[in-house]
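Chains A and B, in that order, give the protein sequences.
Its first residue numbered 1, the first sequence is counted upward by one per residue in my numbering.
Its first residue numbered 318, the second sequence is counted upward by one per residue in my numbering.
One thing to keep in mind: the hints can contain errors.
[Unchecked claim] DSBU-like mimics (lysine-lysine), calculated; alpha carbons at most 35 angstroms apart, straight line:
1. Lys484(B) / Lys131(A)
2. Lys467(B) / Lys356(B)
3. Lys131(A) / Lys362(B)
4. Lys479(B) / Lys131(A)
5. Lys484(B) / Lys362(B)
6. Lys447(B) / Lys5(A)
7. Lys447(B) / Lys479(B)
8. Lys301(A) / Lys362(B)
9. Lys447(B) / Lys65(A)
10. Lys467(B) / Lys149(A)
11. Lys356(B) / Lys131(A)
12. Lys362(B) / Lys447(B)
13. Lys479(B) / Lys366(B)
14. Lys479(B) / Lys301(A)
15. Lys131(A) / Lys467(B)
16. Lys362(B) / Lys149(A)
17. Lys149(A) / Lys447(B)
18. Lys301(A) / Lys467(B)
19. Lys301(A) / Lys366(B)
[Claimed, not checked] FRET-style restraints, in silico, Cβ to Cβ:
20. Ser224(A) / Pro415(B): 42 to 50 angstroms
21. Ser169(A) / Lys479(B): 26 to 34 angstroms
22. Phe10(A) / Val442(B): 36 to 44 angstroms
FYI, nobody ran anything at the bench for these hints, they're computed from the structure.
We put the CB at the ideal spot given by N, CA and C, even for glycine.
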Amino acid sequence: MDRYKSLRLFISIVSVYAMLMFIIACSAPSGEFFYGALGLGTPRLVIATQNATGNNIVLYDLDGKLVDVLWDGSAVADVPKGLAPFDAFNVAVLVDGVDRIAKVSLVDRTVGVVASDANLTGTLYQMAFDKAGERYFAIEGNTIEAFTKTGTRVGVPYIGTTLGACTLSTPRGAFVTADQRLLVANGVGNRLLIYNVSNPAAATCISANAGFTTTQPFAVIQHSDGNLYLATNANHQIVSLPADGVGTPAVVWAANIAVIRNPTALIEMPDGTLLVASDQTNSIERITTSGTYVGSTSFIKDVFTGTVTQMLLIGGE
Amino acid sequence: MRALLLSLILLFGFTASASEMVGGVSAEVGFGSGGATIKNPDGTKAGYKVLSVEGRGSLPVFESEDLALSLTGGLRYLDLDNTANTGDQSEMASMIGPNAGLRLRAFKFFVAYEYNVMLARHYSVGLNSKTTQYSLPLMNLEAGLLIPFKQLSVSFSYSQAKGNVPKSGTGLSKDVPYNDQICWLQFTYSTGASFFTFLDYLF
């Protein structure tokens, strides 16, 4: 009987100790907002536009339906030239006008500043974000400026006009791969330039593909299939290269100016199809990587899709 | 709340014997406080302060002085308040739903396993206002100490519930995990009657 009481006492002591630990575990944890409750997790297409009727950042769903106008820069002649991810609550925007990298809130549409530097003064084009190095690369004239997420300028600039075999000449499009290669669609320079940007102190030129003759690549991405896809503005094509960017570009979409004319921006959708911003048709078209047109009409064609400077997918993590 | 629970445990934990338990069909009301988290798809977590209340009925399947096994069923309500709330943006949720499960008592200690189906309503208020509704199935595990005073018992327990917030209710690309940890103060009234005797009382 004494042993039985001792057992009960032992169990009681252990249980009270366990209860004490449990009570400590009942504290309320700190954290963020739940994206699902704020509607931030829903995948969206963001486009930046430069139109005579307005310079806007516009939000669409993945079916191409207009969701909201995030930002209107018309009043102060601010042109959103580049888009990049910032965090779940904001989108980073490269603004030409009062030159800066801004962030636009997806929660309340307010505009803040990520980076503003006296050296960011030239004509700006697309922007790319290096997720591994947490840096933004902004095309400025014939140079590329780099900024950290906290707005610190990296380099003077990070990539000058000439670096090894790479010479920037009216570059338009930029994209950073997962292995920290910066792909630059060199516009009128008619080249694909590839830089190694893994070293925060200095970039190096990996290659300069001159196989574009006079076709003027304006946009470049690396697709999830590994290949690089480029939109060539002068001859209205979409072409591809292997992952290393070397070789002769293969035509994915042959010129059909009734559908795609002077493409300016490219992006891969979650299902692997490509969206192509077509300047002269004032539309965004959808094609597969084998060059098949998706749907029977433009993916998006509205008052905002006159000149799309860059596209970005957000949400859906 | 936690200090109160701890004090009560230390005061009463050893003062009553299991033989003072009346047993039989019982009804219980509980009040709880704790925390909850929902994991965002990018790995960040939303944290919540939780206040809760529940009612529960218990039908004994087997009962002796030191051991009892019961079927339980009841209703639980949770009020969640995001700890990141500011004056500009707030997020809160309310969840209510039935539960059913099993409870095993040994001496004055018990463990329970319950299945809850919570109907959740999430409110985002402020600069970004939105209401989200979804159904949240939860597996709930509870352990506690029961202090009997004849027909009335006081118990202190800790519960941990886990489930997944469905993507269909949030627009996210995937289900995201939810869990809560709640400390409970519960009051149980035991009729002393078996299920069938209890039915006789009623009808």
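Numbers of unmet hints, in rising order: 2, 6, 8, 10, 14, 15, 18, 19, 21 and 22
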